[in-house]
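Asker: Here is how the chains run, residue by residue.
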Amino acid sequence: MRFERREHRPLYLLIVAPVLAVIAALALSGILIAIAGAPVLDAYWRILTGAFGSRLSATETLTRATPLMLTGLAAAVAFRARLWNIGAEGQFYLGAIAVAAASAKVLGDLPAPVLIPLLLLVGAIAGMVLILIPLWLRLRFSVDEVVTSLLMNFIALLFVSMLIDGVLKDPLAFGWPQSQSISDHAMLPKLIARSRLHVGLVIAITLAIVVHLMQLRTVFGLQSRAAGLNPSGAVFAGVPLGKTLMKVACLSGGLAGLAGAIEVMGVKGYVTTDLSPGFGYAGIVVAMLANLNPLGVVLAAIFTATMFVGADGMSRGLGIPTYIADVTVALSLLTMLIALFFTQYRIRR
Amino acid sequence: MTVPVLEIEGVSKRFGTNLANDNISITLAKGEIVALLGENGAGKTTLMSVLFGHYMPDAGRILIDGMELPQGKPRAAIRAGVGMVHQHFSLASNLTVLENVMTGTEKLWSWRSGTSAARKKLLAISERFGLKVDPDARLGDLSVGEQQRVEILKALYNDARILILDEPTAVLTNIEAERLFATLKEMARQGLSLIFISHKLDEVMAAADRIVVLRGGRMVAERRASETSKAELAELMVGRRVTRPVREPSTPGALALEAVDVTVKIDGVERLKSISFRLREGEILGIIGVSGNGQAALVHLLSGTLSRASGTLLLFDESIGNLGVADVVSAGIGRIPEDRNEEGVIGEMAIWENAVLERISSSAFSRRGLVNRKAGMTFAKEIIGQFDVRGGGPASRTRLLSGGNMQKLILGRNLHQRPRILIAAQPARGLDEGAVAAVHARLLEARRQGTAILLISEDLDEVIALADRIQAIVGGRLSPPVEAEVADARRLGLMMAGEWHEIRKVDHAI
Chain A
44 MRFERREHRP
54 LYLLIVAPVL
64 AVIAALALSG
74 ILIAIAGAPV
84 LDAYWRILTG
94 AFGSRLSATE
104 TLTRATPLML
114 TGLAAAVAFR
124 ARLWNIGAEG
134 QFYLGAIAVA
144 AASAKVLGDL
154 PAPVLIPLLL
164 LVGAIAGMVL
174 ILIPLWLRLR
184 FSVDEVVTSL
194 LMNFIALLFV
204 SMLIDGVLKD
214 PLAFGWPQSQ
224 SISDHAMLPK
234 LIARSRLHVG
244 LVIAITLAIV
254 VHLMQLRTVF
264 GLQSRAAGLN
274 PSGAVFAGVP
284 LGKTLMKVAC
294 LSGGLAGLAG
304 AIEVMGVKGY
314 VTTDLSPGFG
324 YAGIVVAMLA
334 NLNPLGVVLA
344 AIFTATMFVG
354 ADGMSRGLGI
364 PTYIADVTVA
374 LSLLTMLIAL
384 FFTQYRIRR
Chain B
2 MTVPVLEIEG
12 VSKRFGTNLA
22 NDNISITLAK
32 GEIVALLGEN
42 GAGKTTLMSV
52 LFGHYMPDAG
62 RILIDGMELP
72 QGKPRAAIRA
82 GVGMVHQHFS
92 LASNLTVLEN
102 VMTGTEKLWS
112 WRSGTSAARK
122 KLLAISERFG
132 LKVDPDARLG
142 DLSVGEQQRV
152 EILKALYNDA
162 RILILDEPTA
172 VLTNIEAERL
182 FATLKEMARQ
192 GLSLIFISHK
202 LDEVMAAADR
212 IVVLRGGRMV
222 AERRASETSK
232 AELAELMVGR
242 RVTRPVREPS
252 TPGALALEAV
262 DVTVKIDGVE
272 RLKSISFRLR
282 EGEILGIIGV
292 SGNGQAALVH
302 LLSGTLSRAS
312 GTLLLFDESI
322 GNLGVADVVS
332 AGIGRIPEDR
342 NEEGVIGEMA
352 IWENAVLERI
362 SSSAFSRRGL
372 VNRKAGMTFA
382 KEIIGQFDVR
392 GGGPASRTRL
402 LSGGNMQKLI
412 LGRNLHQRPR
422 ILIAAQPARG
432 LDEGAVAAVH
442 ARLLEARRQG
452 TAILLISEDL
462 DEVIALADRI
472 QAIVGGRLSP
482 PVEAEVADAR
492 RLGLMMAGEW
502 HEIRKVDHAI
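Residue numbers (our numbering), protein chains in the order written: chain A, 44 to 392; chain B, 2 to 511.
Where hints are given, some of them may not hold.
Derived list of chain B stretches under chain A, where covered just means 3 residues or more per stretch with a C-beta under 8 Å from a C-beta of chain A [stated by the list, open to error]: (1) 295-308; (2) 317-328; (3) 340-350; (4) 364-373.
Think of the hints as simulated: they come from the structure by calculation, not from any bench.
Only a predicted model underlies this, so the values are computations on that prediction, with no experimental measurement involved.
No residue lacks a Cβ here, since even glycine has one placed at the ideal position from N, Cα and C.
Chain B with its partners taken away, still in its complex shape:
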């Protein structure tokens, strides 16, 4: 057997008392795709940062083509042919694609910028791997998927032979992700070696040749993709058997929320076009669709931060006008926003403050403009206890919580009050397998207790597992609902593509 392209030998890295990497060894062959699978906090990103020279390892070494790489020197790693595609792109949005790619490679003491040579090289690479992108486009004008392509091109431009991708699909839609993996396979076919980090079982099974599973900083298993299963990987990753909970049949109650021909305009653009849906107590209505098709407007409309241009909203058979956030909250509508960090919490504020902020004006938490801190702390403590929020007490900064625990906090502040209606947008996005199961269990429990839940999600598996009925959102329009029993991936795929006239219409009035 030939010398592996990359060998990671016994790397350990400790942060304070936390052993982020414990004696990890991995090899990578030419033309191979290895997936690094693990939950959030398993040590995947730390390991790749050590490899790329961002961190100095406490022990262990890294060999490229059998030669030891000097530690803690990203420049040496780049020179040895390691390229890194970060989860949060390190690109400048006011520069063009070409300028971004050239950044850091230009000679400091040269009059000529070498643009034309760079353009030629960039176009050649882009041609070779089928990574189409306009070199003169301003980066800020590109979609997230295209920006990622630029980040990959930048690594290839630096003659990378080993490409590391940190959660490359976290920011992509399903279609973009499929396209990305086709590109990665093509690169591997042409002799590049790739490592990608992921916590999604589907994509590691589909794209990787070999899968390395990390858990709690340790390497717990190494499997060939052809010799393992999703169930086995899930168990290895979490360390115990996890099964996502699935809904049991139930009989829905009264009509809780009904929208009739509702249209929403933002800055003159129709984001929701005459949508209609009915949501009953004890039922989960799933809204599937590729993000950016009007989900944000739907969530904001029902959350009280957006008003509608026309149409009727009925809350328990009563027509309601445009509601503010306080009205929505006091009407017993719980809200889980799409983006936890952007809208769900204010990271720099304490956990108790985030727990009470949306109902601060209620008499339980303030009187005559004075905050009742004690009541807020008690409320936060109850949420932390009941919803198993780990990582801080009521007075700690919310930013310190992991994504899963932050989501539990948001779930908790909504479900603690037994809401009659819950608007849940992407409730499990970006969470690891254990946290996803916990969130799903909470949603199903709320359904059992009679809460009407509107589940807005991109994740087909999630919607199929949880929803009683499913509608698709495409270009601001809502498809007629289908019963979950008859919804399979093919049918949902057609609906998400906007082809719902192709499938048998399900009776709108149920």
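Just chain A, with the same shape it has in the complex:
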């Protein structure tokens, strides 16, 4: 048996393969559910109703999906240009803490229509700043950014931890390490009253469409793709490699920083060191699930959020650990990668 590269990728395959991958992943984790002694179909039904069964759960799922879309986009744009930004988690936190600091110390008194865009910008810039360090190391000394951007995560988190236990500490938090809350009019407007769902979802989806069009239709999109696929070929064709990677890095870091800013301004209102349950890392999974397609990122983020939110409901009802959500998402990533492989290769006897 051997694999042969497909000459043409039929369109139906690109649609069918991801669907089959998700079904296969659900079937595989169904085995685990069965071993745990619960009825499999019932368990999946509870995941679905747990995630979308009521107005509350549906808005909760979408709220959870919002930061995942942004960190997913951050990973997708970077990976498309073969820039391995594993630092979205750190950029997320830096974006979040920058918003808290700016609101508490500098900009808090501005009116909302000015304040909100300004704070979002501050968050994005904070994310960019953090990624520029690994990028500079790569361009100047050829240091692998996988390692440096990953390590920056820990530095960023410890930095945030220092701030919220120090200058930004909320005096009203009974001694818990927690940043001061941002001012009320800095909070993002709600999309639906009496829920946590906020305008951030609209921002995330809009950005996904913008990034998609940018990759498809702009010179920058073409050049960044060329730089990722074949750097020496891109240089020969006159693509400014350093400049292009710089722009890609800023976009990626900015999106991750924005995710942190939106999570603070949309949901929490303050920063703690458990603001993110791994949104930055999960963004990598989301991007890979979406095959780095920006529009696919939206769907992949909703799928991932569904599994996590729904698994809570299932766990309460059937007594199965919520870890099944992690397992299902991880399995679906594996099956998706296999499915993508088969859109490019076929098996020969």
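Mind docking chain B on chain A? Use the hints.
Answerer: Chain B alone, transformed into the frame defined by chain A:
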């Protein structure tokens, strides 16, 4: 007559609708060298993969010493004494030569690695066939020629009696290739049987006892090397009479590009040492030399991806500073890079994207940062039509094109705009006979239309056929030019060896 060492009987192999091998039968005797000659895509590599067990044939069988070889089992082939030297070596660059050779032969359940016995055996083989190599050298530190020697040694270490070499000279310089063929002849003299795959007429005539010609998956002829000619083989291989076009005399026009004492440094090393040349419109200036002597720096300098340390470049009598790629392209300088896949195209991108990428910032193909996809597609369609690019439309992935068609695409995107100057590095390297003729015809047509062409090539025949004047590049230095009329192989050989003081100096100022 004795039983042949190897018999391939009626092998057929189909991929989808493409019949890659159609009922092919070949025999190989002890001590014989057979060349498998054919254009790219003629089915040579497929046939050898069937022989080695990588592919299952749809029909036919393979006999070694009269015994049938089980199909689809490389291990059985190795055990029967078949060794394969791949075009892209299957070696690990972080291991030593000895470790590479031993890989796959060590016993899994043994505490002792048997290194000393292996070393003894390796040295004995290396001695016997004159394949000198240091067993403890790290593979990554060796030259390509030496790596190939390791690949051959590995096959011999596995007690191969039948050695298959897939385009062994594709990666070698001329001198290395000559050395390789001397080794192969020695092996044959000592009783080994060899098959080598090639599409180069010179080397099959020089090295093989017998030549089997494949075309379109069929075996079209079998000739003894002593009873055929290059012309006959070329015709058999291509299926029609091909003659490489040859330049006609012409009168060159104005001075297009002049270099005066140009030096280029990369990471502190001088890659070009105070070189000078003059290139006029409607003229082809050939730069010959063994690759690795500064050609890459020369191409990159003139392509706008490298800046010079000192010296002057004159473009139509105007001194120019260091140019970027966009400046070079808009100044009407076309560029054909040495390595198509590495620099010429981005394989995973569409043909139209590769056609426009180097001029994407011009107003014809983008406005305010937005790509004009329609204009790009039209441009690509024109290239495909005019330059006969086969194998895909403007939106297909470029990787799907064969080497020849990829080169036509690169030629097309340069020549479509009627460049004033064309920098062509190894434009026909690795192409089959038909594609070489097509590329040469295009270059000559551009010359006729007044383009000044700098042809950088290792192929003496190519340079002699096309160039008006010839300079040699050796160790980053450029020889004075000689007129093509007085350039013969002996003189060019001396120039390529750096001995240009030996030959009568040709007046530099023409």
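Asker: Hint by hint, say whether it matches the structure.
Answerer: Right, here's what the structure says about each hint:
{"no.": "1", "hint": "295-308", "verdict": "holds (count 3)"}
{"no.": "2", "hint": "317-328", "verdict": "holds (count 3)"}
{"no.": "3", "hint": "340-350", "verdict": "holds (count 8)"}
{"no.": "4", "hint": "364-373", "verdict": "holds (count 4)"}
The structure shown violates none of the earlier numbered hints.
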